[in-house]
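Fit chains R and L to the given chain A structure using the hints.
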Amino acid sequence: MSFQIFLQHLVNGISLGSLYALLAIGYTMVYGILRLINFAHGDIFMLATYIAFYSITSFLLPWWAAFLIAIILTSAFGIILERAAYRPLRSSPRISIMISAIGASFLIENLGILIFGGRPKAFPIAPIFSHVVVIGNVSISVVTMIIPIVAAIALIILNYIINKTKTGMAMRAVSKDYDAAKLMGININYIISFTFAAGSAMAAIGGILWGLRYPQLIPLMGIMPGLKCFIAAVIGGIGNIKGAVLGGFILGIGEIAIVASSPALSGYRDAFAFVLLIVILLVKPTGLLGQNSAEKV
Amino acid sequence: MMRKKVIQSLLSIAAVIVLLIVLNSFLSSFQTRIFNLCGIYVILAISMNLINGFVGLFSLGHAGFMAVGAYTSALLTMSVQTKEMNFFLEPIAPWLLNVHLPFPIAIIIGGLMAALAGALIGAPVLRLNDDYLAIATLGFSEIIRVIFTNTQSLTNGALGLNALPNIGITGSPKEAIWWIWGIVIFTVVFMVLLINSTYGRAFKAIREDEIAAEAMGINLFKHKMMAFVIGSFFAGVGGALLGHLMGTIDPLLFRYLLTFNIVLIVVLGGIGSITGSVISAIVVTIAMEVLRVLDGVMHIGPLVITGIPGTRMVVFSLLLMVVILFYQRGLMGNKEFSFDWFKKMKSPFKTKKA
Amino acid sequence: MKRKLSLLLALVMVFSIVAIGCSGGQATTSGEPKEEVIKIGVFEPLTGANAAGGALEIEGIKLANEMYPTVLGKKVELVILDNKSDKVEAANAATRLVDQDKVPVVLGSWGSGLSIAAGAVYKEAGVPAIGTSCTNPLVTLNNDYYFRVCFIDPFQGNVMANYAFNQVKVKKVAFIIEKSNDYSVGLAKFFQDTFKELTGDQNSVVYTGYYNTGDQDFTAQLTGIKESGAEAIFAPGNFTESALIMKQAKELGITLPILGGDTWETPEVIDIAGGAAEGVVFSTFFDPNAKLTGETSKFLEAYSKKYGKEPAAVTALGYDAYILALNAIERAGKAEPQAIRDALAATKDFPGAAGTVTLDVNGDAVKSAVIKTVKGGKFTYLTTVEPIKK
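If you read the protein sequences in the order shown, they are chains A, R and L. For what it's worth, my numbering labels the leading residue of the first sequence as 4, then goes sequentially. For what it's worth, my numbering labels the leading residue of the second sequence as 1464, then goes sequentially. For what it's worth, my numbering labels the leading residue of the third sequence as 661, then goes sequentially.
If we strip away everything but chain A, and leave its shape as in the complex, we get (with noise of 0.2 Å):
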């Protein structure tokens, strides 16, 4: 391999793993405060793309501003998804706010099927994003160096937020004891939500992202990636920012490795984030960043 195809490689590695860091950071934020995996994650990160569209195509918008309506409308999403299928079952076991999660993530898709139909639709992409621009022998398509750049203004961004605000304080508080927090009259409630906006705002900017450099929409479209992306948060330590980031980046470039390396093992692609899962669970079921609990009694 020569270094050129290597730099290669790693670019479209370091691509794959911001999507997935993206999306994993959601996956993280929620289960820190609820200690809940939100099945429907994925499907949040398809609805945001398919909003981006039809303001794209059907109400004409200009991209920021339909960009900027996904975000928001998914956002509110997220929270009306925990009122309706999460809440109500808080105090329940959590075999069953497992199974809500499921069943709200097929009701999503199937309901997805039903509104946008089963074909495949192009994401509309403005040209300044299509431009390639080639170094060397490397190409380099603008969203794929965009990718990056927003995971990490909006990894600062969500930092800020936890690390240095009310609201982030309060987020921690819940994370670190529920009961505790409401003892000391935090909002749960309000904290659950903004936590949820939050998550599904990051799956929105994951969404369009993704939109940008995989054009093409279909309703199944989160499934994968939801769940490749719930991983990429275990690896890196569940309830970590942080580590949510690093777990997405050892699976992109992970994934993008093994193909690279032999093209013959290329169809086991899907497995490897599963088999690392397992791996992960055995040897640091903490996560790489995670830190140890003790189960309560």
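Hints were generated in silico from the structure; no laboratory data involved. Note that the Cβ used here is the ideal one computed from N, Cα and C, for glycine as well. It cannot be assumed that every hint is accurate.
[To be verified] Covered stretches of chain A, as calculated for chain R (at least 3 residues, CB under 8 Å):
| no. | region |
| --- | --- |
| 1 | 101-109 |
| 2 | 113-120 |
| 3 | 232-239 |
| 4 | 275-289 |
Showing chains R and L alone in chain A's frame:
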């Protein structure tokens, strides 16, 4: 009292057998097919209920175990000629080509292979708690699917296996109903006995409170493993029957969607009730077929309503959400059918009068 | 409360058993008082992954039904069932067609796997089926009741390998195969066999990469191809993934010719891949410009009148399946499954919209293939390849 129960149970099994004889002669082949599918879903639902309902382990790996069972049984029963026809792109591994076993032995081996897979995957993941377990088992079932897609000389990859022999020894399609429902009866009896044994009580104790159960001296891992392996065995048998009933299998059949269907059945029936799983499996399987009208054109008197394809699955997803949100215990909660019901049923009227 | 509910559900159950029982009965009773009809079963994917293909074929079948609504002096009634792109459902739908609706002949389906799953049912019931665009050899192999109006994958792989070698003049190719799709795996294998024979070079396939249905990132495979020394890429597979392959190849600066199979002929390929689809070459069944038979112009005229656009290849195949069924019923002289089967098996030089159909011993159509490319954002006819006479 005990003896009376045994007699009642034997009587009800006899009643089921009479019903089967009647159904087998009256039902058309389409109806028989759906009825057989019901039976297979009963087996699958009960086996999932053992793991998810009685021990409280949220496992989403059912499709994977079914795939193992289905492929094993299919490869063991297919004739050399059928195998050669199937593997026309890449020849089958020579050691597998000449293996040929009768159907009953093949499905048992299918079940055992699934149980073995269950043991292999259970050893590492059963130490995890709920959500991790769910995603790890789901991951495992995806890994099985990816492996089956790629090992072309063993499984024929994406081409799948076609022309599987019919269920039974003679090859007559009329035989299927006996095998499937015979296994259903066996599964139900086995599960009822298991649940009412000391093991069964230990399972429920683990479900209610793991830490307390452990303090009482119950070996958590041993019991979880046991339930998981037994559940996998029956999942494998169910998968094998499904393959033979359809006559064709491929890796895509064993997607996560299949597991979802079984979760739906178990939740609707009541997590932790065998009776609930049986009723729910039959109702859901038939409803899936009946509600097909939603996707097509409906004629209600002079009205013609053109359905939108896909409505059926929305109905089922909604149903699952409604049940889990508003009627969490499902149809039966964790109650079981018993003949005492009939006595009780009269009593409310009596008390009202009095 | 719980007991009442369970009783209620038991009632629902009994009711639903009765309902499926009746649904078949109703169809026959409502048919009897009216004029006598001949039913033709259609099973196609209307939902699920293959819904797009199914819808196109139904278009053709319905159009043919409008143009030729009667046979043997009786009205033809189409019984259309959805097989949900799912094998279990396909087998269920097939059983329903032969058992509940008692159709004497069945048309469909898009997707070979679905046809194979249903094939066993038709064989057992002794009802003939006419495949529309299922190109896998296994559909008709060892099944005397399955026929088809399309050519099969070995022929298609052969055609594309010949085209790559003789027309594009390449000696080294790379494959990107959709591993979870039997169609893609098969086509690649047949292409490879022919291509190795043509070049006389066992190492003429320099790169073989795989992907799974639903994958969206192919940059790693394409980057690998970039340094493999391949002169062309053969990437048969589902059109959604293929469109992304074209797009990503262009982004990575790959200018090699990209070749594929009949699944590419859907407008979404051009929508999604955009300019990157320019110049890709694929084999397919039919093109309006390749005036194949007299029936072709009839079909084209009726289609453009009704839909105001050019038809897809599989729409022509749906149309052909229907008119072949009518022709066979006419030749048989009665609408009985066995008689129709025998008439079908004897089909020779039947003029269909997508070319002349002669069925060989396996029940496969021996017919010509069309090669197309994408030019100026449109599918453009390149050439016609005649069948190999055995």
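For each hint, the structure was consulted:
Residues of the region 101-109 of chain A lying with their CB closer than 8 Å to a CB of chain R number 7, which satisfies the three-residue condition for coverage. As drawn, the region 113-120 of chain A meets chain R at 4 residues by the rule of a beta-carbon pair under 8 Å; at three or more, the given contact holds. Coverage of a stretch by a chain is defined here by at least three residues with a beta carbon nearer than 8 Å to that chain's beta carbons; for the region 232-239 of chain A and chain R the count is 3, and the condition holds. Interface restraint, the region 275-289 of chain A with chain R: holds (8 residues with C-beta to C-beta distance below 8 Å; minimum three).
Violation of the numbered hints given earlier is absent; every hint is satisfied by the structure.
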